[in-house]
Structure formats: structure tokens, C-alpha cells
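Undergrad: Here is how the chains run, residue by residue.
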Amino acid sequence: MEIKGEYQIRSSRGDVWQALNDPEMLKKCIPGCESLEKISDTELAATVMASIGPVRARFNTRLTLENLNPPESYTLVGESKAGAAGFGRGSADVTLTENDDGTLLSYVADFRVGGKLAQVGSRLVLGATRKIANDFFGNFSRELDPGATRVGADDAGDGKVTPRIWLAVAGAVAVLLIWWFLLR
Amino acid sequence: MYEFNYHRPTSLDEARKILGDNDEAKLLAGGMTLLPTMKMRLASPSDLVDLSNIEGLADISDSGDAIEIGAMVCHAEVAASDVVRAAIPALSDLADSIGDAQVRNRGTIGGSVANSDPAADYPAAVLGLNAVVKTDRREISADDYFKALFETALEPGEIVISVRFAKPERAAYSKFPNPASRYAVVGVMVAETAEGIRVAVTGAAACAYRVTAMEDALSKDFSAGALEGIAVDAADLLSDLHASAEYRAHLVGVMARRAVRQLIA
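Protein chains in written order, with this note's numbering: chain A, 1 to 184; chain B, 185 to 449.
Since the hints were made in silico from the structure, they are not lab data.
Worth double-checking, as some hints may not be accurate.
Claimed, not checked - For each label pair, taking beta carbons as the anchor points, the in silico distance ranges come out as:
(1) Ala-285(B) with Asp-93(A): 44 to 50 Å
(2) Ser-35(A) with Ser-236(B): 38 to 44 Å
(3) Ser-51(A) with Glu-323(B): 44 to 50 Å
(4) Ser-325(B) with Ser-73(A): 30 to 36 Å
Computed from a predicted structure; not experimentally measured.
Note that CB positions come from ideal geometry on N, CA and C, so glycine has one too.
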């Protein structure tokens, strides 16, 4: 199961890269995120209360940045354990490409669940991941610009560019955060 | 097992009060999803409010042009009901195809509809037959009810009372079951209702949805052939180890044609 996304951002690649590093903003926008701390330059620890359908549980998740190649690309890796129920692991390759309109952010994410979680919950992982990502995008865009619209759904040239950066970046992060806790 | 308080109120007012007093309380119908989730520690409600002792939630009635099924009626009762069989045989068949005998004797229509599992069978019936979900606060039409994955128009603490199905001219449900769980990998309800042809799909996407292209085609020509060539977009469909999104998209067409053939035969 793969989730892919691509976002055109009218902002410099350096700015987009910088935007990836604001734990406070991510915390605000990840649905159910209770805390998100930077442990080191490449590690984040998050506590997320996942609430989807019958599932309502708190997950401790560790995010790691690997294959760092600033300001062009990296791999986000996340792991979460749900006690006896199993574990989830996800990764996303995020790439920033400069073009005439600014920066193109693309990500390819992959995720897996293991243990009992995989036995009973694998059929819901993709749907749950999409849902949280959508919720997250919505939160994030409204946080930065109350009039923001979803990428791909709006016209060019309306000046609502900055939110896209965040949307995209945060999207990648959200997608990552998701599977560790969404595994049900 | 971790601790929680178990309540079995005898009235809706009492149930509402318990819900209001406890933020982390959950309603319990048949428990076919909630209890396994709790056992896996993926939910830990402080209080369970069992609806089984509230009067008036477990009746099946026929009002002439519609039947009403109480929220706490289990699948086996729907399948065995002469009232349902006479009015909407497709609904009897659907209920009879859910899970296994244990699930059919515990799981309820209200629980299924409130939970809105993407692979549950009842959502296809509710949407395909243009049913009305009656709660302790209001009536919600099927088209406004299913929102997203496990997400419905229900507000926190809102209690489903019954589901009212207007009797269709004809209806058929065809599903491709997971051979182990009998969940719908894809299930399609095709119905000719007073408001026109409706085609509702469950199992394929995050929640039940209608395929308007198929409804339009069947309105002009009610035959399986009319559905040939109608492409189902796989982009937003679910993908798991049982079936890819593309396979599910294909199955939507196959199940829809099978349902139509049942109605013509």
C-alpha cells in the first residue's frame, strides 16, 4: 500500500525545507496530537490520541529523518508500538524540486503493520491514513490561512500559496504519523 | 481486562444522562466491533451504556408503504422476519449474508449503521433503499448520513432509534464476500424506488456511496448490458491484502450487473 502526493509551492526550496522544522505547528494540526517534541535535529517524539471509529487510543510515536540531503530530499521514518496489539512502521521519501513556479514537493509513502494489528486491522489502514491526512490538511491550511483551499482544487494566482507548503510538508509528516497509530 | 463501568439503562433519558455525565462513555449495541477493539486495547471507554434493556428499540413494524426496524434488532431477526421478507426480500437476504451465525445473533442494525464500517452490509441497504435513520433527536436521510470512514452525520451522544425503509418497487443486493469474515469486499444494492433507480456500493470506499453514472444508465435501459463500459474510478477506493483498489473498482461493475440480472430474471 502506497500513498503518493505532489504539491506545487510558490516558495523557495529553502523556505519549504525550513518549514519542515516547526514542531509547534505540526502539533497544532495533527488530529489528536497531544505533544510533539524535538529530541534532536533528526528525531521527533509524538503522543497522539487516535480516534477513528471504534478506536480511541493513545500512541507514542517516534519520527526519524534519514537520508538527509538538504534542501532537496529526505526520508521520514516513523515507528509506533501499540503494546501487545502489535506495531506499525511507515516511511516517506520526500523530494523538493525547484521549478519556475517555486518548489514541487512530492512524497511516496509506504507503511506496514505487524502483529495482531495486521491480522485484524490491515483492511482499514489505507482508509484511515487517507482520512487523517485529509483532516490534517484541512487543519493546517485553516491555521495558516482561513481562506485556504485544497491543493488541486483552487485556481492559480490567488495568492494562497504559502499554505500549500505547509499542507504538503505537513501532509507527508501526517501520513507518516498515521500508520503507527492508525493500525487498528 | 481493565476497569470500566457497565450500565444497562431502561430508558433513553437515563442513557442520555449517563452519556452526559461521562465524557469517555460509549454506547453498546451488539458489541461486534467495540468489544474486540477494547480487547485489543485500542479503545478504553470509562463507561459502557448497554442499550439492550431499553424498550421500543427492538421492534419491526410495517406502516403500509414502509417498514421500520428498531436499532437493537439483530441481523438474524431481520433475516427471519416475515414482515421484512414480504416487503423487501433483498434486505432479508442482505441480513442473512452478514458474518456468521454468532455475529448475526449479536450484531444489530443500529450498531452497524452507527459504526459505518466501510465493509459493512447495511450501509448499502440504507443508501440504496433511500432509508431514513431515526435518532433520539431527528431523522436523517440516507444521502446526508454517510460522511467518511467510520464517520456519519450522528453527533456525539446521539442515539439511533430505528431505520425506516420505504418499500421499493424492486431491489437486489449482490456482494463479493471475504471468504473468512464475510465482510463485503464489494457489495452493491440496486433498487427501483419511488424517487428512481439507486445504486449504492459498500466495501469499496471509505464509506457507502452511490454510483450516479450507473443510476442514469439504468434509468434509460434497465439491463445488465446498460452497465457495460461504465468505468469505476479506482483512485479513492480502498486497497488491502484482500483486494487492490483496481480489483474493487472492477467488482463494483460485476456486482452491479449481478444485482440487475437478479431483478430481471
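Undergrad: None of the hints should be skipped; say for each whether it holds.
TA: We went through each hint and held it up to the structure:
1. Between Ala-285(B) and Asp-93(A) the C-beta distance comes to about 47 Å, which sits within the given range of 44 to 50 Å.
2. Between Ser-35(A) and Ser-236(B) the C-beta distance comes to about 39 Å, which sits within the given range of 38 to 44 Å.
3. The hinted range of 44 to 50 Å is not satisfied by Ser-51(A) and Glu-323(B), whose Cβ atoms lie roughly 27 Å apart.
4. A C-beta distance of roughly 48 Å is found between Ser-325(B) and Ser-73(A), which places it outside the suggested range of 30 to 36 Å.
Of the numbered hints given earlier, the model fails hints 3 and 4; all others are met.
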